[in-house]
Amino acid sequence: MRFMMLMLPNGYQNAPPGTLPTADAIATMRKYNESLQKAGVLMALDGLQPPSVGGARVTFSGGKPEIKDGPFTEAKEVVGGFWIIQVKSREEALEWASRCPAPPGDVIEVRQFLEFSDFPPDVQEAMMNMPAIEGET
Amino acid sequence: MWRIESPRLIAGLTRMVRDVGVAEDLAQDALVAALEQWPQSGVPRNPGAWLMAIGKRRAIDGFRRAEVGERKYAELGLTQQSQHELDAATVDTALDDDIGDDLLRLVFIACHPILAQNARVALTLRLLGGLTTTEIARAFFAPEATVAQRIVRAKRTLTAARVPFEVPRGADRAARLASVLEVLYLIFNEGYCATAGEDWVRPALCEDALRMSRMVAELMPEEPEVHGLAALLEIQASRIGARTGPNGDPILLKDQDRTRWNHVLIARGLVALERAERLGGAHGPYALQAAIAACHGRARTPEETDWLRIVALYDALLEVLPSPVVALNRAVAVGIGYGPAAGLEAVEELHGSGLLDGYYLLPCIRGDLLLRLGRESEARAEFKRAAHLTENLRERSMLLARASSPTATQRGEA
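These protein sequences, in sequence, are chains X and A.
Terminal number for the first sequence in the working numbering: 137, no gaps in between.
Terminal number for the second sequence in the working numbering: 1414, no gaps in between.
Okay, chain X solo, but in the shape it has when bound (with noise of 0.2 Å):
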């Protein structure tokens, strides 16, 4: 089964552009991600700019997209970065998680994907007679 750990760092939703994790930190969250590697959980993982650099919400509020650039400094925590990883068990997820060298005050939500099978055979069916979004003719 696959979970996405998503990274939340404390503040990191009013970081100032250039916010970069130090030298030290990166060796030790790249000693934690050989780790995944190793054990051949991993199947992505990627950082995310603070929303400063380049961010922007799409909101729909009114059904019409609306721009907002960021930050958002209004949001409680915005995602740092993620990882994909193949597990046995929620627990081994929790686990991995829990073993992130992650500075005091991070958090890590784990999430659970979506499955096609979590979905009732009938939207299954439903799902599978629709077209294919890249013109399968």
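It should be emphasised that the hints constitute simulated quantities derived from the structure, not laboratory data.
There's no promise every hint is true.
Calculated cross-link-like contacts (lysine-lysine; reagent style DSBU-like; alpha-carbon spacing at most 30 Å) [as the list claims (entries may be wrong)]:
| # | chain 1 | residue 1 | chain 2 | residue 2 |
| --- | --- | --- | --- | --- |
| 1 | X | Lys88 | A | Lys1056 |
| 2 | X | Lys38 | A | Lys1056 |
| 3 | A | Lys1056 | X | Lys31 |
Use these hints to put chain A onto chain X, whose structure you have.
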């Protein structure tokens, strides 16, 4: 935690006690100790090192017990000395590299050719995959007692034969490595195309094999075929979500909704394939199969598939892996790339050889090609024959449906 720590733990302990069975018992003891102590003491900074220290401690106690025969003494020794060792273990960072070597030795031992194939599979899932006997039994529809027995016997065989705990070098290496890759591929295939039971795919087993293949690729980064296998499994696994319909029925490759393929896995597979090729392994049997899978993985629509390249890759594969099943797959590719008449010609050759008598896919593919040539009644008979040859219930019902109404669906490579 067992799943994360047990392979490394068992590997490290095997080096010490030279017996996988004993090492596994020690590892389990260490885990029990952790479950007892951690709720009070908190999880140590380096759980793996903590467990290893406990396991080694118990191993030493075991040696002592054997020598002095005084059980009590050993137990006292444990409580007094363990704390010191645990403190030392938490700063033991050099551990990691050693463990990598031990883990690789464990891989080779679990897949040792001295063991029967089903014993290798069970032992690998158990030692490297961290699966319980119950999980393995469920995965293979075997009674738990049978699997437990199989594992016990395998460990005994290894001990009796004094199989050295080492990474094979020299002439032995190629054959031993081939056995490792074969075991992982077998596990994956049992999940990808179940030979028995209700379900036609069992994704959990595929994930186990995939995980172990990534692990092994990390352990042997210089071996091209290891990356070839990893590439093959990643790309095949990318289709798992799209290979079954709502009722669990198989969906053929050409009918699959390609937006539901897992593109992260495809990308990973392509990277692994490139790595295999860069290491000079483009003509390894797994790398070639991965290259074929990649042809499908890259095609955004079935029509975009480069069938001529696939035929060429099958030709190359037949040179290194001259098997009738490969020849049959090649015939399917020929049937699409060069037309049904050419495909049927290739199939007839195989049919005549008698090498695939009893293999359900032969009549199935023959039926397809006959149908495309407009020879419907012959096609029906072939589908019927195929249905009676398969053990998988889902596939059987699909084939029977085709025998009664052959034009409704067409068979492709799933």
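Hints violated by the structure (numbers, ascending): Failing hints: none at all.
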